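Counting from 1, position 85 in the sequence shown corresponds to residue 85 in UniProt numbering; the numbering is continuous, with no gaps.
Incorrect hints may have been included.
[As the list claims (entries may be wrong)] Quick list of in silico lysine to any residue cross-link-like pairs, SDA-like style, CA-CA up to 20 Å:
#1 K291 - M149
#2 K291 - G126
#3 K291 - L190
#4 K291 - Q125
#5 K291 - N267
#6 K291 - F266
#7 K291 - T268
[To be verified] Now the in silico label distances, taken between C-beta atoms and shown as ranges:
#8 E81 - E220: 25 to 33 Å
#9 P178 - G98: 37 to 45 Å
#10 R43 - G67: 32 to 40 Å
#11 F244 - T66: 42 to 50 Å
#12 G67 - L191: 56 to 64 Å
#13 I263 - E73: 27 to 35 Å
#14 E73 - R196: 27 to 35 Å
In short, the hints are calculated from the structure, not lab data.
This structure is a prediction, so every number in the text was calculated from the model and none was measured.
From the three backbone atoms N, C-alpha and C, an ideal C-beta is built for every residue, glycine too.
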Amino acid sequence: MTTVPAGGAARPIAPTDNAHNGHKTHRTGKGAGPLLRVWRERRRVSQLDLALRADSSARHISFVETGRSRPGEELLLRLAEHLDVPVRDRNALLLAAGYAPRYRETPLDDPALESLRDGIERLIQGYEPYPAFVVDATYDVLAANRGIMMLLDGLPESVLAPPLNAMRLTLHPEGLAPRIRNLPEWRGHLLAQMQRQIALHRSDPLRALYEEVAAYPVPEQRESRAERTADSDSDSDSASEFAFALPMRIEHDGQVLSFVSSISTFNTPMDVTVAELAIETLLPADPATVKYLHSMMS
1 MTTVPAGGAA RPIAPTDNAH NGHKTHRTGK GAGPLLRVWR ERRRVSQLDL
51 ALRADSSARH ISFVETGRSR PGEELLLRLA EHLDVPVRDR NALLLAAGYA
101 PRYRETPLDD PALESLRDGI ERLIQGYEPY PAFVVDATYD VLAANRGIMM
151 LLDGLPESVL APPLNAMRLT LHPEGLAPRI RNLPEWRGHL LAQMQRQIAL
201 HRSDPLRALY EEVAAYPVPE QRESRAERTA DSDSDSDSAS EFAFALPMRI
251 EHDGQVLSFV SSISTFNTPM DVTVAELAIE TLLPADPATV KYLHSMMS
């Protein structure tokens, strides 16, 4: 991964080393049963409810979890699907049960994913002038368009040093945090988002990232009291106007821009790398932001 280039050009997708990305694939010598029970309890699903969803029986689920019965491969995959087990951990379930992994883990720079890389790059470029970027499971930025480059303009090299991470960029006191007018609300939103991902994936690297960014000091607001009052009124108006989503209000070159965030993932992925990609788009939340972005990109 390289530092964000100067000049605002779209940033190409960076290579990743998915074989050593820090995610633990938990394995056990007792078969898939203990792992299945862990995921079922995390999702707070009873054996009966899981059996009904997967067209099985509570008795059979109990036998699988205690090791008295070895689940078939297709049943195990159905159970994982109904428990919303991440693709990476479905492979761990299969391995624990004595089956081959079903999902490959292809490095993003592999020639086999060239069409995917090209498609993603065209997609985020197509969003311009609106900011869009691609992240992996730990929010490392793999690609970004010119809209993102514009928002990052002027940040110190220490913050832009690789590997570029979306959460660090946003919450670091030398990153975008001082420019975000509603930082307490937006910070709370991002931390809650990370907590949900930790609960879903049980990722040690993600937990470490959360603990790091949650400990960042919150920059003091630079506005005067009058400006803060006006800004608070504006925030209230914004929250009222865009009640469907919390906007991020960020300053750029003296102009306050308002965005709502949209996150897209790939449906039914058959590759671990692809399953862990997310495309985030910052959509303008008011006409002034639309006008400003178009003027900056013209």
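Here's how the hints hold up against the structure:
Between K291 and M149 the alpha-carbon distance is near 18 Å, which keeps this suggested pair within the 20 Å criterion. Restraint check: the Cα-Cα separation between K291 and G126 comes to about 17 Å, which is no more than 20 Å; the hinted pair holds. Proposed proximity of K291 and L190 is contradicted: the alpha carbons are some 27 Å apart, above 20 Å. At roughly 18 Å between alpha-carbon atoms, K291 and Q125 fall within 20 Å of each other, so this suggested pair holds.
The straight-line distance between the Cα atoms of K291 and N267 is roughly 33 Å, outside the 20 Å bound, and the hint therefore fails. Proximity of K291 to F266 is assessed by CA-CA distance (about 31 Å); at most 20 Å being required, the pair is judged violated. Straight-line distance between C-alpha atoms of K291 and T268 comes to about 37 Å, which puts the hinted pair past the 20 Å bound. Range check, E81 to E220: about 48 Å between beta-carbon atoms, so the 25 to 33 Å window is missed.
Here the CB-CB span from P178 to G98 is close to 54 Å, at odds with the stated 37 to 45 Å. In this structure, R43 and G67 break the distance hint of 32 to 40 Å, their C-beta atoms being roughly 21 Å apart. For the pair F244 and T66, the supplied restraint of 42 to 50 Å holds, since their beta-carbon distance comes to about 46 Å. The hinted range of 56 to 64 Å is not satisfied by G67 and L191, whose Cβ atoms lie roughly 39 Å apart.
Checked against the given bound of 27 to 35 Å, the beta carbons of I263 and E73, roughly 32 Å apart, stay inside it. A beta carbon spacing of about 30 Å between E73 and R196 agrees with the range 27 to 35 Å that was offered as a hint.
Hint compliance for this structure: hints 3, 5, 6, 7, 8, 9, 10 and 12 are broken, all remaining hints hold.
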